[in-house]
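Going down the list, the protein sequences come from chains S and V. Each residue of the first sequence is one higher than the last, beginning at 1 in full-length UniProt numbering. Each residue of the second sequence is one higher than the last, beginning at 1 in full-length UniProt numbering.
One or more of the hints may lead you astray.
[Stated by the list, open to error] In silico DSBU-like cross-links for lysine-lysine, where the CA-CA straight-line distance does not exceed 30 Å:
1) V/K998 <-> S/K287
2) V/K1005 <-> S/K291
3) V/K1005 <-> S/K287
4) S/K291 <-> V/K69
5) V/K643 <-> V/K69
6) V/K998 <-> S/K271
7) S/K289 <-> V/K232
8) V/K998 <-> S/K275
9) S/K129 <-> V/K998
10) S/K152 <-> V/K69
11) V/K1005 <-> S/K275
[What the hints assert, rightly or not] Examples of chain S residues toward chain V, derived with CB under 10 Å:
12) I11
13) S21
14) K41
15) N69
16) S77
17) K111
18) D115
19) M116
20) L118
21) R232
22) Q236
23) Q252
24) C254
25) T277
26) R280
27) F301
Calculated directly from the structure, the hints in this document are not laboratory data. All residues carry an ideal CB built from backbone N, CA and C; glycine is no exception.
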Amino acid sequence: MPELGSNIIGIEEDRVTNTHSNDFPAYSQSLGSAWDLEEFKKKFQLNVSFITERTANFDLIGLDTSIANAFRRIMISEVPSVAIEYVYIFNNTSVIQDEVLSHRLGLIPLKVDPDMLLWVDKTADENEKFNDENTIVLSLNVVCTRNPNAVKGDNRPENLYRNSNIYARDLKFEPQGKQLTTFKDFPVVPCDPDVLLAKLRPGQEISLKAHCILGIGSDHAKFSPVATASYRLMPQIDILHPITGQDALEFQNCFPSGVVGINEKGEAYVKDSRKDTVSREVLRHEKFKGKVRLGRVRDHFIYNVESTGAMLPEEVFFKSVRVLRNKAEYIRSCPIGNLD
Amino acid sequence: MTTEDPILRNGNEAFDELLEPIYRGKSLTDPINTAKDKWNLLPAFLKVKGLVKQHLDSYNFFVDVDLKKIVNANQLVLSDVDPSFYLKYLDIRVGYKSNGDRKTPEVLLPPHECRLRDLTYSAPIYVDVEYTRGKKIIIHRDLEIGRMPIMLRSNKCILNGRNEKEMAYLNECPLDPGGYFIVNGTEKVILVQEQLSKNRIIVETDPKKDIVQASVTSSTHERKSKTYVIAKNGKIYLKHNSISEEVPIVIVLKAAGIVSDMEILQLVCGDDSVYQDLFAINFEEASKLGIFTQREALEYIGRKVKTIRRMNSPKLTILQEGTEAIATTIVAHLTVDNLDFREKALYITTMARRVVMTMHNPKLVDDRDYAGNKRLELAGQLLSLLFEDLFKKFNNDFKANLDKILKKPSRASEFDALLHINIHSNNVTSGLNRAISTGNWSLKRFKMERAGVTHVLSRLSYIAALGMMTRISSQFEKSRKVSGPRSLQPSQFGMLCPADTPEGEACGLVKNLALMTHITTDNEEAPIRKLCYLLGAEDISVADSAMIHTGGTFGVYLNGTMIAITRYPIEFVRKFRYLRRCGKVSAFVSIHTNVHQSAVHIAADGGRICRPLIIVENGKSKVTVQHLRMLKADKWGFYDFLKHGLVEYLDVNEENDSLIALYEKDIIPMTTHIEIEPFTILGAVAGLIPYPHHNQSPRNTYQCAMGKQAIGAIGYNQFRRIDTLLYLLCYPEQPMVKTKTIELVKYDKLPAGHNATVAVMSYSGYDIEDALILNKASIDRGFGRCQTLRKNTAVLKRYPNHTKDIVTGMRVDKEGKPIFQHAALGEDGLAEVGTRIQSGQVFLNKCVPANAMGSVMGGPQSQDGQQQQYREAPMVYRGPEPSYVDQVMMTVGDNDQALIKVLLRQTRRPELGDKFSSRHGQKGVCGMIVNQEDMPFSDQGISPDIIMNPHGFPSRMTVGKMMELVSGKAGVLRGTLEYGTCFGGSDLEEMSKVLVEKGFNYGGKDMLYSGTTGEALQAYIFFGPIFYQKLKHMVMDKMHARARGPRAVLTRQPTEGRSRDGGLRLGEMERDCVIAYGASQLLLERLMLSSDAFDVDICQGCGLMGYNGWCPMCKSSEKIVKMTIPYAAKLLFQELISMNIAPRLKLSDVF
């Protein structure tokens, strides 16, 4: 049993212990009661492991689970992004049905800065609902034909026909009104041009216009700006008794490579617990019983944010912070039970 | 896609994959392990035979062989009037003319066109006839006498031997098994019928009545009858339906020519004194009746015969009656030539002997449920019965017609019979069509009336269709509560699937074939009989009676009839088998020894179930590495293995004569055969279950029922089909954990389900009682998304008065826009493809002529110049959700009337209450849909698609599901598809190792974080992919509520059922609750006010009902009281009055 106030989650063979967070006032008498901003500032750390165009991996240390989880939840479901919502089909003679095609179109991540659009006013009149400030129009006009220059003997459809495969890159941006200028430098394109939409055969065609609007992930997963955003807790491995020799090698094999090292004395030591996947393999072995204790640091969150491509991953995170702050502002300004 | 375009590969390309040099990571050069790789025989077997081989074989046999036999048996048509006239059928063919090409059969239209146009997929039946015209004999070839419905993929079908590209050209799915018929546009299957074997002796006992009886059902083309040899109180009699009372056996034998008591004793009892003592009493009976000679015996029997004489047939003497009874009615399947009863007498003695033996030792009784005593009747046999009936009727009609004309004394021209043959040709066609489309098999000559022989092929899913083709229905009555025929017989091993049977009343009566089962067709008897004599067996007709049943002599029985005896049965059987393995005898002829009966049984009849096994000789499997290498290199097929005597077919009886090893390691010196692959004991449907050998057995049975309800892909031509109701999954996935059966039946090409990531945990309380929690984001991304396509048909009729239905365009409002009801219509009055159609809108604006019933005479003339009046009869869409028009088809059907089919489509995402199931009989409805951020998530950020409550596991014991999860998870992690094949599959230990290697927990349990609080969950959660099926039961089709609505006319109570917008019934039990609770006002409201409250005037004087405040009985309005009673009660009173019962109401105040 971990001592009171410990921020280590116990990873045991058959259960997880000490999972609840405890940094709230009056958790215990021995600990300080009130949350203190200065102390938080002192304790709080942000370490960035890496940031690429699509993925960000960073650590938030020293904050409460509820806040950390709020960021995760907001990134998934409340940070707005742009996706195709209305599809106007003029002609579709392909095998794929209109609804299915529309569904596929909706799921394509688009490279649009959501800040460049306004929200669609749902109460507005049908004819005035969509304008150049809140809607982006894409069009798809493709006809499949036989390839007159087909190479003999090559019977792949790509060779025999033109436009046999329709990809996301075939969607054409049609700037409306002042979008000609505002979107001049940022043409709307799919983040991943190679998303297959439909397959056609000679004589089939698709002709449609699609309206893209702003939305949030909790409305439909297509509006979520992240493929997923989540965190895991920092693993911790405590070797209680020295493990040496053959056992050390076996011990090392119980973890992913790079987690456990063996020093010159032949003794196993924890090299990098961050790399551990916490498979708990070590706990299955009778010989390591009592020699090792696994745990996870409850206030050390290793975030992994995978953007769909519309925004940079760090931007998604910043936006989640902003959304959370707005929510706090909102509650603060609520007339009922004014918190100030 | 690589250069290997699937369309370009010809032939059985789907199998090529299995037979390819590199398969499952093994190439040709890899070492071949006979123990493991002998399973390759299975795809080779299926390549030759396919999954519905039994149907196709049977149909082919019927069309090619049986049809000719039927025509030969009914070859001549003679005239009663003109003795010089005759017509003789020389030949009969289906699908091609005498000079035609046998390779390309002639059919009416391609099968898919028949489906769409509601036609029958059939081919002409041609006969060659020889007949007399005047003095000349004329031969006429290729006379069409009707059209034969063609079984798809049979050798008369145009799909036979087509490759994938050609199939696509014909709009056919290359994976479709065939084996069914298309009659009037619907696909009909003739189910396999299970029956007790014909022409075989079955010995039964009735211990209560102390009866032992041997019975035989004789079945010939002409008649069916049952003969019994029955022992009552120790005395043996012969019983037959057409003989009014039981005849002592000795009299029968004397009548059949065995006059000597000594010989009778020898033939029945042999030299066994115990049997002789048991039988002796029967001689007394005959001598008491004073019957000693054959003539006396025949006359005795002749007196007992029930005579049903047809009109104007000559009256027979008693002796003739008796002779005819012995010759034709008793044991009718044996034919008697020149009144030589010897063979028949021996058959009856055999029956008597079996009875005597069973009297002595009751253990020798036969088991009716034993699979070897069963015969399966297939489409071919049923059609042949039907065709013979129709053909006879055809000839009779023809003959009657001829006689009518030939009777006329003077004819202007020479009589040509052919001019009269065609008149009736429709009888054969329509007779066949009607029988198949209604399923009523009524045969005059057997007085057989069987309903429900055919079924509509279920196209709910690919597996449903496949499962239907392997189904066997039993003749036993469903309502009878007997366990015998329903229980699993050990003899069914390997022949019938132990898991696939429905629950409930048909449990165990409807069965399914196992994967490698073959059903035999008839083989010629004569050559086998000859062979037996050549092998040294003594002909029974020349054998000494004393010899036949002496110890050590074995009778040789061919199809249940003793034809010879041998002193060396073991040698005889060995030689016979040797010849069969050499291919000198058909592979489907079985031979086995029965030591109890001292008999060698050879069976060559059709309908036996058999399966292939590898032959083992001298403790070694005959299939060796080099053979398998040949197989893999595609140099050898399954037939080669058969031809070279490495593999042979065994039927149930012969299996009992063999020692079959399951695995190579089990071979002992006595072993005769080894299984090709153990998992073939399961059928095609049960074969989908991963690790079924780890499940509790009823769970596998449940899955067999549910797999048929799973929505998925139906066929490659699914978008071209217009079916009454079609369910399709938008994004079907092949399962992560496959089985070899899945690959063989090609379920991986037409799957029905998704690999859902499942977390086995409790969540929210909306998951009790097997409810599932679904992830909203998964649904948004297409999980469980399905389509329903519904057909609407309209026929534009033509009426006798030359008027016809028309389709008119839309009506418009003042602004020129179409009115709401007609918004989906085009200018032609048909809904336009792709438009959305809402409840109340019209998709076909049909108009019916106002005077359709008007006179034929007054019709067109009077209306010249004046507009024909039409009445709108539109087809309106009704449904809770809008649909989209998927296809509109306009064509001409069978009777030259325009046929319009409109296919409406709905795309549905899973919603609360939709039903899902894994492949382990674990079904559940969606209890809640949860946003992704609220779902638990793992270290990788993975949140589950489905959360399943762990309470589903302990009592169901579906360990296979857990193993599926672990194997699936390992497969996902290392990028392979894993196998859960029965009695094999991926090793769990190995799978766990993969998990550890990839940094996961050994047992498949992950640490998860709560989505709502963000904290780690206190328990580790079993987490991984499981293949989930979406079942056809969806809330959208079932939801129903009503406030006010239609009422039934008679009772004025709300109508019943969702389709009639009916009321929600407060049933008896609910009523009881309300009564018990004492909520009288609620009771009153629910049972009367909300239902059929009716105000009546009651006269308190006479107690009867009046009207308008007036009592017609009392002629006064003085004592009239108004009150409310249920209309049903009022109706009852009036009905009673109409029966002269006066129900009088005495009213008083309660309070």
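So, going through the hints one by one against the coordinates:
no.: 1; hint: V/K998 <-> S/K287; verdict: 23 Å, holds
no.: 2; hint: V/K1005 <-> S/K291; verdict: 23 Å, holds
no.: 3; hint: V/K1005 <-> S/K287; verdict: 22 Å, holds
no.: 4; hint: S/K291 <-> V/K69; verdict: 86 Å, violated
no.: 5; hint: V/K643 <-> V/K69; verdict: 28 Å, holds
no.: 6; hint: V/K998 <-> S/K271; verdict: 19 Å, holds
no.: 7; hint: S/K289 <-> V/K232; verdict: 79 Å, violated
no.: 8; hint: V/K998 <-> S/K275; verdict: 13 Å, holds
no.: 9; hint: S/K129 <-> V/K998; verdict: 51 Å, violated
no.: 10; hint: S/K152 <-> V/K69; verdict: 53 Å, violated
no.: 11; hint: V/K1005 <-> S/K275; verdict: 19 Å, holds
no.: 12; hint: I11; verdict: 7 Å, holds
no.: 13; hint: S21; verdict: 6 Å, holds
no.: 14; hint: K41; verdict: 22 Å, violated
no.: 15; hint: N69; verdict: 2 Å, holds
no.: 16; hint: S77; verdict: 5 Å, holds
no.: 17; hint: K111; verdict: 20 Å, violated
no.: 18; hint: D115; verdict: 22 Å, violated
no.: 19; hint: M116; verdict: 24 Å, violated
no.: 20; hint: L118; verdict: 24 Å, violated
no.: 21; hint: R232; verdict: 4 Å, holds
no.: 22; hint: Q236; verdict: 13 Å, violated
no.: 23; hint: Q252; verdict: 13 Å, violated
no.: 24; hint: C254; verdict: 8 Å, holds
no.: 25; hint: T277; verdict: 3 Å, holds
no.: 26; hint: R280; verdict: 5 Å, holds
no.: 27; hint: F301; verdict: 9 Å, holds
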